[in-house]
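Once you've looked at the hints, dock chain B against the given chain A.
Protein chains in written order, with the working numbering: chain A, 982 to 1380; chain B, 982 to 1380.
Everything labelled a hint here was simulated from the structure, so no lab data went into it.
Watch out, some of these pointers could steer you wrong.
Note that identical chains are pooled: a pair holds if it fits in a single copy or bridges any two copies.
[Unchecked claim] In silico DSBU-like cross-links for lysine-lysine, where the CA-CA straight-line distance does not exceed 35 angstroms:
hint, residue 1, residue 2
1, 1266, 985
2, 1268, 1064
3, 985, 1064
4, 1064, 1266
5, 1268, 985
Number of protein chains: 2
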Amino acid sequence: MAAKGNLAVGQSGGPTAVINCSLAGILAEALAQEARVGEIYGLVHGIEGALRGELVDLRRRPPEFLAHLCQTPAAVLGSCRYKLRPEEYLQVLETLRAHNVRYFLYIGGNDSMDTSQRIAEAAQAAGYDLFVVGVPKTVDNDLPCTDHTPGYGSIARYWALHAMEAARDLEAMRRYDQIKILETMGRNAGWVAASTALGRCLPDDPPHLIYVPERPFDQECFLSDVEEVYRRHGYVLVTVAETIRDGTGRPIGRAEGAFTRDAFGHAVLEGTAQTLCRLVEQHLKLKARFNKPGTAQRVAAHCASEVDRREAYEAGRAAVRLAVSGQSGVMVTLVRESDEPYRCTTGVAPLQTVANAERRLPDEFIAPAGNNVTEAFLRYARPLIGAPLPVHAHLWRPG
Amino acid sequence: MAAKGNLAVGQSGGPTAVINCSLAGILAEALAQEARVGEIYGLVHGIEGALRGELVDLRRRPPEFLAHLCQTPAAVLGSCRYKLRPEEYLQVLETLRAHNVRYFLYIGGNDSMDTSQRIAEAAQAAGYDLFVVGVPKTVDNDLPCTDHTPGYGSIARYWALHAMEAARDLEAMRRYDQIKILETMGRNAGWVAASTALGRCLPDDPPHLIYVPERPFDQECFLSDVEEVYRRHGYVLVTVAETIRDGTGRPIGRAEGAFTRDAFGHAVLEGTAQTLCRLVEQHLKLKARFNKPGTAQRVAAHCASEVDRREAYEAGRAAVRLAVSGQSGVMVTLVRESDEPYRCTTGVAPLQTVANAERRLPDEFIAPAGNNVTEAFLRYARPLIGAPLPVHAHLWRPG
Chain A
982 MAAKGNLAVG QSGGPTAVIN CSLAGILAEA LAQEARVGEI YGLVHGIEGA LRGELVDLRR
1042 RPPEFLAHLC QTPAAVLGSC RYKLRPEEYL QVLETLRAHN VRYFLYIGGN DSMDTSQRIA
1102 EAAQAAGYDL FVVGVPKTVD NDLPCTDHTP GYGSIARYWA LHAMEAARDL EAMRRYDQIK
1162 ILETMGRNAG WVAASTALGR CLPDDPPHLI YVPERPFDQE CFLSDVEEVY RRHGYVLVTV
1222 AETIRDGTGR PIGRAEGAFT RDAFGHAVLE GTAQTLCRLV EQHLKLKARF NKPGTAQRVA
1282 AHCASEVDRR EAYEAGRAAV RLAVSGQSGV MVTLVRESDE PYRCTTGVAP LQTVANAERR
1342 LPDEFIAPAG NNVTEAFLRY ARPLIGAPLP VHAHLWRPG
Chain B
982 MAAKGNLAVG QSGGPTAVIN CSLAGILAEA LAQEARVGEI YGLVHGIEGA LRGELVDLRR
1042 RPPEFLAHLC QTPAAVLGSC RYKLRPEEYL QVLETLRAHN VRYFLYIGGN DSMDTSQRIA
1102 EAAQAAGYDL FVVGVPKTVD NDLPCTDHTP GYGSIARYWA LHAMEAARDL EAMRRYDQIK
1162 ILETMGRNAG WVAASTALGR CLPDDPPHLI YVPERPFDQE CFLSDVEEVY RRHGYVLVTV
1222 AETIRDGTGR PIGRAEGAFT RDAFGHAVLE GTAQTLCRLV EQHLKLKARF NKPGTAQRVA
1282 AHCASEVDRR EAYEAGRAAV RLAVSGQSGV MVTLVRESDE PYRCTTGVAP LQTVANAERR
1342 LPDEFIAPAG NNVTEAFLRY ARPLIGAPLP VHAHLWRPG
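Same shape as in the complex, but just chain A (with noise of 0.2 angstroms):
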């Protein structure tokens, strides 16, 4: 057991829905803590609050917070994507001395875990009695040593439901627009391109073609998957990352002769869904179009998985707990019990670990052409996204 003495916690990296749920659990079982927990304070913009001197009291708020704040998406202490200078640590623990911060808590994703690591390596260095302790975020679901991330959830069934609703759409307007193409976050890994199968009740069921990070792009083999679903089914629902590369390593999207200019000559990078788009109208001579929302899909706190906010919620309170009982330098994982029923516990690996790591799609969760996913991978998400999918009508399909 740690002496009593005061909290910090900041957010840092890529809004989620889920972040402020985390925040949440963390409020909540600090002031439950009261042997242990004295001042609770937030750093403003994470670890610059830090820098800066900026903290607010998370104490004192009107009672009504704690609900507000599980369903606010994004980060609301603000969050950041600093990468500290090996001479700012020293300022970092300053800050936390002069606030008699004992416990130190730093939701975020990989990046944050490393400076969360260095924090704790630097407070030793120092004599200085801090318990470190980081609570795993990303939409991306990339972080090793926990079975899933707070924030996949969400995200993925925001894709469920949309590449649902855009298969509709699609359905219903293919006399005209025959190809659409949905561009997904994921700059390294497939998982969230992959979550937008989750609506699929028959195994032919839209999106048709997923293509992830974890595989190579090829024109020609994505120029025949298309056309060969044009031709069974009259239009084409296509899932692609925001990253997809060809064989070389090269970004398709960035790659020469994707490249489009404006009037003053200055290079414009198109997005890959507007790349695929123009292959599929120049090769095709079919009308293509994408969607590409943006930010919105990791912030869609009007449709998270409840799952995922009681998930990232006990994250929180998990991380408080382990920093009274005298833990640093480690972070909250997530520990899956059992498929079905869906069971799962929170547990503990060290920073160390997790920082310099990336979790991809795992082989067996990508369809051998690697233009799908697999029934394990979606064994696999189906619980993470909550509540049931609504059934969609179908006039030629029982229902």
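What follows is chain B alone, placed relative to chain A:
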């Protein structure tokens, strides 16, 4: 009262979240009108189905069909944008006659009402006792004679939620991206762009600037608006309709200088939001990004307005009642009876009056500077989006 006969229904134009609710209302009422309505046919892809003789039986469906229909976006019968050639009207009448159709119901927007009107005229000229009733549908909310149009409440709810969420994202990340531009549907009317303001709690809340097709767009004013808001808040959320025009009537993003060229020298059109981002980055040196959810916005049944769903359903029922009571050449309208509490009933308008008119945002709904909406607009639109929006937590504000 018309004699007993069969009923045919078609869906036409761009999808919405609630067109199928109108179909469900038609189906439910037609089944209830046993004394008047015999077979119930769905035209596959609207009037094109009538031309090709493609009709489906809607009477014999599983019991859960109606409930599923109400939660299915787009148009389960398939939609169309087909403009009948003069000689094709007789072909349509032939198909309808061959199926003993006495009641012809068409769910659609301005163009579909025009088609319906011409079918009614052609039937009358041919001495065919056909009762033609239109059911309004469009996310654009641009039909005259009706307080609002089924489909609008749901897209308005989508954008109210999306703008709130995008605002939280931007606040959290303002140290990196300062300007976010949301591009909504709307080629001639700003109803959809305006709806992004419905999530505001305080008048100064984001979106800070809203540009609609009803006002000419002035680049200098835009840049100084953005700069001013940025100085005040540190970030700017902007909404823009997909088509806005400069003082000479040239669409922004399609004007000279906004063309880009791909590697083959083809002109690539920038979207409106993309052009505004480029202007901001070039002139103000601020980081600007855009969200363009494309067709996702019109079929977002997962966050449909319950008010919109109910009204779409009731409009469908009312259409059947009008037809079997012997009315023809009319469209169902929505008539607002009171604002608080919100009460709305159905009325009727001649198709002819609806077919060739377009309702744009009235002056009293647009701020004098042309860069925002008024409180009068918010009062008009608030009841249409259904259940109260979630309350977000803020650090520097009560709650």
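task: With 35 angstroms as the alpha-carbon cut-off, assign the pair residue 1266 and residue 985 to within, between, both or neither.
output: Result: close neither inside a copy nor across copies, 69 angstroms intra and 48 angstroms inter.
query: Taking 35 angstroms as the upper bound on the Cα-Cα distance, should residue 1064 and residue 1266 be classified as within, between, both, or neither?
result: Answer is between: at 23 angstroms across copies they meet the 35 angstroms cutoff, but 47 angstroms inside does not.
query: What label fits residue 1268 with residue 985 when the C-alpha limit is 35 angstroms: within, between, both, or neither?
result: Classified as neither: same-chain Cα gap 65 angstroms, cross-chain 44 angstroms, threshold 35 angstroms.
- request: Indicate which option fits the pair residue 985, residue 1064 if close means a Cα-Cα distance not exceeding 35 angstroms: within, between, both or neither.
  value: within (30 angstroms within a copy, 76 angstroms between copies)
task: Check residue 1268 against residue 1064 for me: Cα-Cα at most 35 angstroms, and say if that holds within a copy, between copies, both or neither.
output: Answer is between: at 20 angstroms across copies they meet the 35 angstroms cutoff, but 44 angstroms inside does not.
Going through the hint list in order, the structure does not satisfy hints 1, 5.
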